[in-house]
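A.B. asks: What follows is the residue order along each chain.
Number of protein chains: 4
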Amino acid sequence: MNFNDVKKEVIQFTADRNWDQFHSPENLAKSIVIEAAELLECFQWSNSEYDINAVKEELADVMNYCIQMADKLDIDIEDCILEKIKKNAEKYPVEKSFGSSKKYTEL
Amino acid sequence: MNFNDVKKEVIQFTADRNWDQFHSPENLAKSIVIEAAELLECFQWSNSEYDINAVKEELADVMNYCIQMADKLDIDIEDCILEKIKKNAEKYPVEKSFGSSKKYTEL
Amino acid sequence: MNFNDVKKEVIQFTADRNWDQFHSPENLAKSIVIEAAELLECFQWSNSEYDINAVKEELADVMNYCIQMADKLDIDIEDCILEKIKKNAEKYPVEKSFGSSKKYTEL
Amino acid sequence: MNFNDVKKEVIQFTADRNWDQFHSPENLAKSIVIEAAELLECFQWSNSEYDINAVKEELADVMNYCIQMADKLDIDIEDCILEKIKKNAEKYPVEKSFGSSKKYTEL
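Residue numbers (this note's numbering), protein chains in the order written: chain L, 2 to 108; chain U, 2 to 108; chain Y, 2 to 108; chain Z, 2 to 108.
I should point out that these hints are in silico values taken from the structure, not numbers from a laboratory. Check before you lean on any hint, since a few could be wrong.
It does not matter which identical chain is used: a pair holds within one copy or between any two.
Within a straight-line C-alpha distance of at most 16 angstroms, the following computed EDC-like cross-link-like pairs (lysine to aspartate or glutamate) qualify [stated by the list, open to error]: (1) Lys97 - Glu107; (2) Lys85 - Asp6; (3) Lys92 - Asp17; (4) Lys9 - Asp21; (5) Lys87 - Glu58; (6) Lys85 - Glu58.
For reference, chain L alone in the conformation it holds in the complex (with noise of 0.2 angstroms):
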């Protein structure tokens, strides 16, 4: 299935719950800091052993909202994504960023 069904699926499930009455952004924003929380959670103590299936479950929970915060606010997600990318080639230009993992306020 491709991303564009898979937003659909989303958005369906939601509605068929009459939940939509929850997610206002500002719930969703919330939503979306809880979830990749429980994502973190699977690397609390190690940064090497991790259940590899609860971090699906978790990272699926993340992008599952904001699919529903992009849907909400007639977000493009493709285009976003692309956006912030040349935004971020500007702060961060390859021959100045190039093996470093500086903030570009440091660079």
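Go by the hints and put chains U, Y and Z onto chain L.
C.D. replies: Relative to the frame of chain L, chains U, Y and Z by itself:
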């Protein structure tokens, strides 16, 4: 541009800068929650007034790191979202969860 | 200065600026996680190199908002930490949890 | 019990279980944001209805890990909060920030 091409752009951006060395699954998990919190910051003091451009940028950052984590761990994004929806459908059957924001443990 | 006096300073700072109106428990919860993510950002790409002054500032921000939430909800900070330790001691008895990072559900 | 004694209890709890080995500053930073997100979960779908006991427990967990991080890095909690308040007072002078939730960069 479709999502598969966007994924390629994201991965290429990192490869061009030789940043793969910093992108352990753990570091990506940290990055996802850091960006998710920046997204939440758009709604820190108000649930109704927010800068839609800032929201777009932060949402893009969250998804950018999600794409990188999926790539790093050979996770199929579309599949893992669909599988999680199936699991959620069992936890939240329509007849029990319709119009309710309760957690499945309380349904 | 002892902790009780620090708490008074934190509350006074907010009162002086008439910021109490923004400090609903929910907004404070958002603020705590936003500051906690800024603290994590000090360790985003490395677990061993960090700017101790940045860590101090972000840790202070987290605790500042914790103090404000406790004040807002009439929570006694000292009591609630002690009570949670007692509860944790039941979940994590020394003989079972000694030297283990496992969650209590897996002990 | 005063805050200094509470700090000792927190440190003793960890020492009794030989958990110090897991408590690198980075792991503590991850733990603080994980617990902060659990605190936010109390307010995920509503800003007005919340379980005060759950809030107390999650707030306690956040502060517990803050105390451990301060201990690990020899940070004086009281001092660092006061120093940050001073810095914030410069960023947010009363006459400019009274009754405003704007960030200092926008004042």
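A.B. asks: If a hint holds in the structure, say so; if it doesn't, say that too.
C.D. replies: Hint check:
no., hint, in the structure
1, Lys97 - Glu107, "within (10 angstroms within a copy, 30 angstroms between copies)"
2, Lys85 - Asp6, "between (24 angstroms within a copy, 15 angstroms between copies)"
3, Lys92 - Asp17, "between (43 angstroms within a copy, 14 angstroms between copies)"
4, Lys9 - Asp21, "within (14 angstroms within a copy, 32 angstroms between copies)"
5, Lys87 - Glu58, "between (30 angstroms within a copy, 11 angstroms between copies)"
6, Lys85 - Glu58, "between (26 angstroms within a copy, 6 angstroms between copies)"
Checked against the numbered hints given earlier, this structure breaks none of them.
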